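A.B. asks: Take a look at the letters that make up each chain.
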Amino acid sequence: MRIFDPHIHMTSRTTDDYERMAGAGVRVVVEPAFWLGQPRTSPASFTDYFDSLIGWEPFRAGQFGVRHFATIALNPKEANDPRCRPVLDLLPRYLDKDAVVAVGEIGYDSMTPEEDEAFAAQLALAVAYELPALVHTPHRDKARGCERTLAVVAESGIDAGRVVVDHLNEVTVKLVRDSGCWLGFSIYPDTKMTPQRMVELLREYGTDRMLVNSAADWGRSDPLLTRATGEAMLLAGFSDDDVDKVLWRNPVEFYGQSGRLDLSDLEDPTAVDPQTGNSILRGGS
Amino acid sequence: MTPDSLRAALRGVPDPDWLDTALRRVTAEPTEITRLFPAAGRRCGRGALPDAPGWTADDAARVLLLTALPATTPATPTPSTGTATRPSGGPCCAPCRCCRSAPPGCRCCTTAIRTNDTRLVAAALGPYARHLDPAAWRQAVLKCVFSGVPLAAVADLDARADGELATMLAALAEERHAAGRDLPADATDLLHRLTAALPREA
Ligand SMILES: [Zn+2]
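Top line first, the protein sequences correspond to chains D and A.
Residue 3 is where the first sequence starts when you use this note's numbering, and the numbers rise one by one after that.
Residue 10 is where the second sequence starts when you use this note's numbering, and the numbers rise one by one after that.
Just so you know, the hints here were simulated from the structure itself, not pulled from any lab data.
Quick caveat: nothing in here was measured; it's all calculated off a predicted structure.
From the three backbone atoms N, C-alpha and C, an ideal C-beta is built for every residue, glycine too.
Incorrect hints may have been included.
[As the list claims (entries may be wrong)] Which chain D residues face chain A? A few, computed with CB under 10 Å, are given here:
no. : residue
1   : D100
2   : G261
3   : R262
4   : S266
[What the hints assert, rightly or not] Short derived list, chain D residues pointing at chain A, Cβ under 7 Å:
no. : residue
5   : R95
6   : D98
7   : R179
[Said to hold, decoys possible] Taking CB as the label site, the calculated pair distances span:
no. : chain 1 : residue 1 : chain 2 : residue 2 : range
8   : A       : E38       : D       : Q40       : 33 to 43 Å
9   : D       : D210      : A       : P39       : 41 to 51 Å
10  : D       : E202      : A       : G21       : 48 to 58 Å
11  : D       : P94       : A       : A187      : 45 to 55 Å
Could you put the whole structure together from the sequences, leaning on the hints where they help?
C.D. replies: Laid out in structure tokens, this is it:
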């Protein structure tokens, strides 16, 4: 099983996680810029964070054979703090980098006028820099937040096929599906979405435009839930090809729209050692 | 390697027109480099250049972009933020690698050495490292040994290595041996060369 986790906050994970992920078949991760738990109070702490997302973290990932890309943005929570707003002016210099494959996470947290403004401005940046956009949806008041999100996306003029609306559930899935945007599902150990519920959604809505991620961060989360979802799919009768589409080809297609998803020298996960007949990559079975 | 020979070596890249245009734009409007510099790999490729040993297409294109800047351009800020931004390695400031001189106050080299990214540490110990004072240079060499960076990356290694570095290497070797481990072979060789060359104590 080859796995591309399209949304995971590796900055908050240990090397043990990288090792286990590689062992489970995770070959590529995309780490969106988000908040860090502790509110930041100046743009300078964002630039150091962004630098680490395109510098140190890819190096760390590379030591475990995992390819690391990033999405860069001012997140909706901190868009509300006037001390952090100047980050918007610093974004362009990051959006030209090879390792940046989308603008994100943008969107709504509490649906304030400040969030409206930052969201629209960053969708415009995605258009200007020819990048896809990763849109976070609020955990409170989700259904209305999702509707408003889609309205802002439509108004921005960005192609719906270049937008993923993330953290969806049973209530919001249909709305986003009908919009033409990609659908992101964050699988968590308990609350928001589980592997079993994800399988039901895939049964009902099919595998097109569906992206499954672990969204693992410093909160209670599990970077192996992408793999668990793939296994749950197989148990439920989905084919290997269905699993490969959801966990690999879909995210490759979505982020490939950036023109920067260079996977050329990734080892072929299906390669077999001629001596032993075993898969060369750990977990590549 | 001169700019002209790099230019010639880049003739076969996928999009040579892009590079020509980019070089003209940088000369006419220096701030444009902030967008063109990071795009070099996507436009010119990242492969090795057959006519310029040791150079990749993206590095060569970036260096040419820097050399196309008008001489009056303030040397800093450099086009890149941060440090380890390029998968191919190398400090963000190309002069560290090609010119043996960098803008006054350029902190790329010392910042790179402070990282634990071995690609950056190795690149920072190239020719530009002659700007490091002896204490900082010795620490950086020792860091290479610690983190498994081959000493071949260190410019002027034998010319600069001194008795103090030998003492530090010997102490590290002793620590390693106490732990049942060895120094990398290139460090052991260096230590042997240094102890052979140094005058013996009476
Ligand atoms: Zn997230």
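A.B. asks: None of the hints should be skipped; say for each whether it holds.
C.D. replies: Going through the hints against the structure:
1. D100: 6 Å, holds
2. G261: 7 Å, holds
3. R262: At 7 Å from the nearest chain A Cβ, R262 of chain D passes the 10 Å test, so the hint holds.
4. S266: Since the shortest Cβ distance to chain A is 9 Å, the answer is holds.
5. R95: 6 Å, holds
6. D98: Constraint on D98 of chain D satisfied, holds at 4 Å.
7. R179: 32 Å, violated
8. A:E38 / D:Q40: 33 to 43 Å: 40 Å, holds
9. D:D210 / A:P39: 41 to 51 Å: Because 46 Å falls inside the window, the suggested range holds.
10. D:E202 / A:G21: 48 to 58 Å: 53 Å Cβ-Cβ, so the 48 to 58 Å window holds.
11. D:P94 / A:A187: 45 to 55 Å: Since P94 of chain D and A187 of chain A have Cβ atoms about 53 Å apart, the given range 45 to 55 Å holds.
Hint violations for this structure: number 7 only, all remaining hints satisfied.
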